[in-house]
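Participant: Okay, here's what each chain looks like letter by letter:
There are 2 protein chains.
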Amino acid sequence: MTRTLYELAGADANRRFSPFCWRIRLALEHKDLPFEGRPWRFTETGALAFSGSRTVPVLVDGERTIADSGRIAAYLEEAYPDRPSLFGGPGGQALTRFVEAWTDGVLHPALVPLLLADIHDHLRPEDQDYFRQSREARFGKPLEAVCPDREAQLATFRRTLSPLRHTLKSQPFLGGEAPLYADYAVAGAFLWARTVSGTVLLEADDPVAAWRDRILARLGADSRALTDAA
Amino acid sequence: MTRTLYELAGADANRRFSPFCWRIRLALEHKDLPFEGRPWRFTETGALAFSGSRTVPVLVDGERTIADSGRIAAYLEEAYPDRPSLFGGPGGQALTRFVEAWTDGVLHPALVPLLLADIHDHLRPEDQDYFRQSREARFGKPLEAVCPDREAQLATFRRTLSPLRHTLKSQPFLGGEAPLYADYAVAGAFLWARTVSGTVLLEADDPVAAWRDRILARLGADSRALTDAA
Numbered sequence: 001m002t003r004t005l006y007e008l009a010g011a012d013a014n015r016r017f018s019p020f021c022w023r024i025r026l027a028l029e030h031k032d033l034p035f036e037g038r039p040w041r042f043t044e045t046g047a048l049a050f051s052g053s054r055t056v057p058v059l060v061d062g063e064r065t066i067a068d069s070g071r072i073a074a075y076l077e078e079a080y081p082d083r084p085s086l087f088g089g090p091g092g093q094a095l096t097r098f099v100e101a102w103t104d105g106v107l108h109p110a111l112v113p114l115l116l117a118d119i120h121d122h123l124r125p126e127d128q129d130y131f132r133q134s135r136e137a138r139f140g141k142p143l144e145a146v147c148p149d150r151e152a153q154l155a156t157f158r159r160t161l162s163p164l165r166h167t168l169k170s171q172p173f174l175g176g177e178a179p180l181y182a183d184y185a186v187a188g189a190f191l192w193a194r195t196v197s198g199t200v201l202l203e204a205d206d207p208v209a210a211w212r213d214r215i216l217a218r219l220g221a222d223s224r225a226l227t228d229a230a
Numbered sequence: 001m002t003r004t005l006y007e008l009a010g011a012d013a014n015r016r017f018s019p020f021c022w023r024i025r026l027a028l029e030h031k032d033l034p035f036e037g038r039p040w041r042f043t044e045t046g047a048l049a050f051s052g053s054r055t056v057p058v059l060v061d062g063e064r065t066i067a068d069s070g071r072i073a074a075y076l077e078e079a080y081p082d083r084p085s086l087f088g089g090p091g092g093q094a095l096t097r098f099v100e101a102w103t104d105g106v107l108h109p110a111l112v113p114l115l116l117a118d119i120h121d122h123l124r125p126e127d128q129d130y131f132r133q134s135r136e137a138r139f140g141k142p143l144e145a146v147c148p149d150r151e152a153q154l155a156t157f158r159r160t161l162s163p164l165r166h167t168l169k170s171q172p173f174l175g176g177e178a179p180l181y182a183d184y185a186v187a188g189a190f191l192w193a194r195t196v197s198g199t200v201l202l203e204a205d206d207p208v209a210a211w212r213d214r215i216l217a218r219l220g221a222d223s224r225a226l227t228d229a230a
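Taken in sequence, the protein lines are chains A and B.
In this text, residue positions in the first sequence follow UniProt numbering: the first is 1, and each later residue adds one.
In this text, residue positions in the second sequence follow UniProt numbering: the first is 1, and each later residue adds one.
To be clear, the hints were calculated from the coordinates, so they are not data collected in a lab.
Errors might be hidden in some of the hints.
[As the list claims (entries may be wrong)] Computed spacing ranges between beta-carbons, pair by pair:
hint, chain 1, residue 1, chain 2, residue 2, range
1, B, E36, A, G220, 52 to 60 Å
2, A, F50, B, E151, 44 to 52 Å
3, A, G62, B, E151, 54 to 62 Å
4, A, S162, B, S51, 50 to 58 Å
5, B, A117, A, Y80, 50 to 58 Å
6, A, N14, B, R214, 45 to 53 Å
7, A, D222, B, K169, 31 to 39 Å
[What the hints assert, rightly or not] Below are the SDA-like pairs computed for lysine to any residue, each with C-alpha atoms no more than 25 Å apart in a straight line:
hint, chain 1, residue 1, chain 2, residue 2
8, B, K169, A, R54
9, A, K141, A, H108
10, A, K169, B, A101
C-beta: ideal position from N, C-alpha, C; glycine also.
Here chain A stands alone, though its shape is the one from the complex (with noise of 0.2 Å):
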């Protein structure tokens, strides 16, 4: 059975820079699924009209085709309960909720004015026509305009961090001894910041740089080799 995943991609195929399309990627690993990641730019709209979706991640997992990160990560749980599970039970599916949530709603607002740029940039021409018209019009500025104190977003950026840094003070992960999806959600932002901008976005001594450290520490090769391009 072949199984690929679109995932977004900049001027350089490999660089591989959706947080939510990692969701998936560090998902299919943790369930030891292989699988093909085929990079998508954002104005190749037709090749993503079989799945019905406009956005990636959309996985084709043999005849089914499922897109948006969380309803993946369901449907992996549900197709294959004989893996490691990505929940950890009941409570832990619904209490991620909370943690995308979060990620989503939070975190990702005070990361974004970071990245801007540097997404910008590494992107096909023709992709940056589409990126800057649509995110200006969700700022309501230019794109330059969305980030004028780097320190300060910075600055935010780590307090943003703080329920997660508590966490890791009593366990290594958010999922306890060993990560979960709740994990490869909020990994997600950290690989997207990675995969485009040199920004050193964590103080060294940071809780989160040592969870993130071993959150990359276990990425398959293929993801590696991703990181490590970008």
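Chain A is fixed; fit chain B onto it per the hints.
Facilitator: Just chain B now, with coordinates in the frame of chain A:
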């Protein structure tokens, strides 16, 4: 076997306002474990000396004495595994720590400025002195100066709830179809407010308000009496 929960109280012994004590009250009800709630005031340190803790909640469960809400919840889950689970599995137990960290480190700091004056007014005079001194040291300013703009603070509090609000759009409780300890960790904040303050924290159409009402509707008779008396 006797089971006693030491709970923070105001001048009125039935004004039980600690968010951390409410977590355990709700957890004991969740596990259908009868208990006596014993009022305790900030300056009654001698009454807790037996426990080795200087703060409540303290639970005396037969021969066992446990302090700290997180430890008590973990104890209850381990000691009463045949009762309804507080965590819904090991993943849920691990991720609950993130919800607690968010509640303690993000939600409570957004709420406490709105409650400080009311808490103070509901204490015995000797507890008022302790409360004022300890809180003014913590905030570095007079109690009356901690919240110069209630409307702005209320707006901050409501914004802070966004990950909870978003999660509740896809499920009735943080724990999924039914509440778990993670719900109680957050609900403690609202019971804290309810028992000391008349401030309307939430807009009527806020999904968080509907969730809070679902939690309140599940309270046992004794807990309901305490919230109604407040």
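Participant: Work down the list of hints and note, for each, if the structure agrees.
Facilitator: Hints, verified against the model:
1. E36(B) - G220(A): 52 to 60 Å: Because 55 Å falls inside the window, the suggested range holds.
2. F50(A) - E151(B): 44 to 52 Å: holds, 51 Å
3. G62(A) - E151(B): 54 to 62 Å: Holds, at about 56 Å.
4. S162(A) - S51(B): 50 to 58 Å: Distance hint for S162(A), S51(B) is violated at roughly 29 Å.
5. A117(B) - Y80(A): 50 to 58 Å: holds, 55 Å
6. N14(A) - R214(B): 45 to 53 Å: holds, 48 Å
7. D222(A) - K169(B): 31 to 39 Å: holds, 35 Å
8. K169(B) - R54(A): Distance of about 23 Å is within 25 Å: holds.
9. K141(A) - H108(A): holds, 18 Å
10. K169(A) - A101(B): Holds. K169(A) to A101(B) sits at ~11 Å (cutoff 25 Å).
Taken one by one, the earlier hints fail for this structure only at number 4.
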